[in-house]
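Mind docking chain W on chain C? Use the hints.
So the protein lines, in turn, are chains C and W.
FYI, our numbering numbers position 98 of the first sequence as 98, with every residue one higher than the one before it.
FYI, our numbering numbers position 254 of the second sequence as 254, with every residue one higher than the one before it.
Calculated directly from the structure, the hints in this document are not laboratory data.
Warning: the hint list may mix true and false statements.
Since the list can't tell identical chains apart, any single copy or any two copies may satisfy a pair.
Stated by the list, open to error - 25 Å max Cα-Cα, derived SDA-like pairs, lysine to any residue:
#1 Lys326 x Asp249
#2 Lys326 x Arg177
#3 Lys143 x Arg36
#4 Lys326 x Arg277
#5 Lys326 x Glu204
#6 Lys326 x Arg336
#7 Lys143 x Gly113
#8 Lys326 x Gln203
2 protein chains.
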Amino acid sequence: MSFMLDEIREQPDWVERAVASERTGAAALAAAMVDRDIRFVVIAARGTSDNAATYAKYLFEIVAGMPVALAAPSVCTLYDAQLRWHNTLVMGISQSGEGTDVVQVLSSARAGGALTACITNSADSPITSVSDFTLLCHAGKEKAVAATKTYTTALAVVALLVGHVADSRALLDFLDRTPDAMRAALIADDAMPEAVLRFRYMQECAVLARGVNQATALESALKMTETSYVVAKPYSGADFQHGPIAMVDQGFPCFVYAPDGRAYASMLDLAMRIRDRAGEMVVFASAPEMLGLGVVPIPTPQAPHELVSPLVSIIPGQLFAYHLSKLRGADPDSPRGLTKVTRTR
Amino acid sequence: MSFMLDEIREQPDWVERAVASERTGAAALAAAMVDRDIRFVVIAARGTSDNAATYAKYLFEIVAGMPVALAAPSVCTLYDAQLRWHNTLVMGISQSGEGTDVVQVLSSARAGGALTACITNSADSPITSVSDFTLLCHAGKEKAVAATKTYTTALAVVALLVGHVADSRALLDFLDRTPDAMRAALIADDAMPEAVLRFRYMQECAVLARGVNQATALESALKMTETSYVVAKPYSGADFQHGPIAMVDQGFPCFVYAPDGRAYASMLDLAMRIRDRAGEMVVFASAPEMLGLGVVPIPTPQAPHELVSPLVSIIPGQLFAYHLSKLRGADPDSPRGLTKVTRTR
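With the rest of the complex left out, here is chain C:
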C-alpha cells in the first residue's frame, strides 16, 4: 500500500536489531575514543541525518560531558578550510553513505588527524571508506523517499554509542526497553486520519520542543515539509517565546512535543502562552494536563526515560505527516523535489 507507512511500522523491530547488532562496534569505538584522548565531537550530516545529529549533540553533552559541534560542511567544501582536529572525533551520519559533502568533511578531517566514524544504513558505501569505525543502522532497504526507519535506527545507534562512551548502564537499559514503547506509540495510527482532517488547507505552522526533543521538532517539521509541502517551522521552545511567538494569533497552528522529563515544565509554560494567544495546538504528550491544552491531543506513550523519548515521540509525528500527505492528495512515498541521495558540492 505505502512504503512510508510500512516503514514507520517496522521501526521497533529494526531498532531492536540495530541495538543488538552494533553493541560490539559501539564498544570498540568508545574504547578508541579513550585511547585517542577524544575530547570534542564534530558531526557532519544533512537533512534527516542532521536531525539525528542534533539528538547526538544533546546525548553526548548531557550523558558523556563532551562538547559537540554540528559541522557546517561548506567550511570544507566551499572554503577548503583546514581545521585542527586533534583530540576530535568527526562522525558522519548518512543513510545512503553517499552524501558527497559529508564524505568530504570526513576525508578532510581524517587527513588532518581526526578519529573518524560513521553511522550509515549502507555497508561498503563511500562514507565507510573514510571512516575508522562504521556503525550500521540495520534498517533494511528504505523504499520511501522520506526517511523514517533510518532516522530512528540512527538515534538508537547514537544512544548505544553514548551509553558505551559514558559507560552508562542506565542509558543502555532505557534503550533496551525503547522498542516496546515505540510499538505502543504506533497505535496513534488509528486516530490519525481524523486528527489530520482540520489541517487539510494548513499553509504554515510552528513545531515546538525543547531539550533532547529538539531533534523531534526538527524531524517532525521536515517530514511535514517534505511530504505535504507545508511551511513547517521548527523551534526550540526557548527561542520561540522570545520573538517568533509574534506570529501566533487566532487559530495559528502549533505542534507541541512535550513528553515527560526535564523539558516538560517549560513546554507547559509555553503551551499556556500559546493558548492565551488563541493559537491552535496539536499536542504530543502523555501528561493529561498537557494533552488538555490541545485542540488535537495525540496521547503518546511514556518512553523508558526522557533521554530516549525522541525515538518514541517521533512516531506519531511521522504518522501525522503521512496521513496529512494522503489527505492532501500527495504521494508520501515519492514527494516532489526530493531525492534519496544528496550530492551537494
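Just chain W, lined up with the frame of chain C:
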C-alpha cells in the same frame, strides 16, 4: 519617526566605532587563547545573537581553523550537565548581557575550567561578571525591540577577534573597509517601499543563503518573522535543495542572498532550480546574472570580501523587513510578543 529605521541607518558608524574601540581587547583575548592552548570554541546565544554566533562559527573555522560548537543552553540549564571544558573558549553573545541561560552556560563553563568571554552591548551587565574577557559592541542604546545595530556590531567584533586569533591582516583590512560598503547598501532604502508592495499578503516564505551568509538568511528570516509575523523559514541552500524545495511551486516566495564569493555558484544553481519551479524570488546580490532571476531584484553593493559580506548583505534585508512591517500596518519598533531581554530558565 522610527527607532528601527534610524538604527538601521546608524549601523556603519557604530561598526566603525566598535572596530576602533575593541582592537586592544580583541588582541588581548587572542593572546590569552594562545596562552591557554585553546583549540575549540563554544558559543552560547539566543535569537539575533545566535545568528551572530553562526557567523562566528564560519569565521573561526574558515580563517582560524578552530572547530566551533553552538551551545544548546538547555544542556546546562535543564539537564545540569557538567561538560569537560579543557582547551575550550566559551563565548556568550548577548546584546543586553542579561540572557539568563547564556549567563548560566558561561558561569558553569568557567567553573569547569573554560576560558570565558562575551560580546555584549551592555558594559557591567551580568554576562560580564562571568567572563574573563569582555568585548563591547559600542552600539549605543538600542531603542527598537527588533535588534539591528547590535547584530552588525557583534559581527564586526567577531571579525575583529578572528582576525587577531588567526593573525589575518587581510581579514582586518576587509573589516576596515566594510563600513563604507554598508553605507552604500543603505541606498536600497529608496526602492524598498515599492519592492515590498507585492508581499502585502505573503503568509510564508523561504530565506536562502550559503556559507558565511547562512547567518544572513537566519537573521533576515528572524527580522521578517518578528516584525511582520510572516512564517519566514531560513535554509542553507544546500539543505534546501534536498527536500524542502518540495514546497516551492507557482509563485512561492523565496528570498535569495547571493553576494559574490565561494558560495555564489551554488546559489546561482539553486536560483535556477527555483525559477524552473516557477517560484518567485527576491534577490539580494550584485551580479547582474543573479539579479536577473529575481522578480524583485535588490542590487546590493559588493563587500570588500565574502568573509565580511554578511555585514553588508543584511542591510537590505533589515530594510525589507522594516518596510514590509510598515506596509502591513504593524509597528516595527515594538512588535507584539517580543521583549528585549530573554530570561529563559
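Quick rundown of the hints versus the structure:
Proximity of Lys326 to Asp249 under the C-alpha cut-off of 25 Å is restricted to the inter-copy arrangement: shortest distance 19 Å between copies versus 28 Å within a copy. Proximity of Lys326 and Arg177 under a CA criterion of 25 Å is satisfied in neither setting, with 32 Å inside one chain copy and 54 Å between copies. For a Cα distance limit of 25 Å, the shortest separation of Lys143 from Arg36 qualifies neither inside one copy, at 38 Å, nor across copies, at 51 Å. Proximity of Lys326 to Arg277 under the C-alpha cut-off of 25 Å is restricted to the inter-copy arrangement: shortest distance 22 Å between copies versus 30 Å within a copy.
With identical chains, the CA atoms of Lys326 and Glu204 are at most 25 Å apart both within one copy (17 Å) and between copies (22 Å). Taking the shortest alpha-carbon separations for Lys326 and Arg336, only the intra-copy value of 14 Å comes in at or below 25 Å, while the best inter-copy value is 36 Å. Taking the shortest alpha-carbon separations for Lys143 and Gly113, neither the intra-copy value of 37 Å nor the inter-copy value of 48 Å comes in at or below 25 Å. Proximity of Lys326 and Gln203 under a CA criterion of 25 Å is satisfied in both settings, with 16 Å inside one chain copy and 24 Å between copies.
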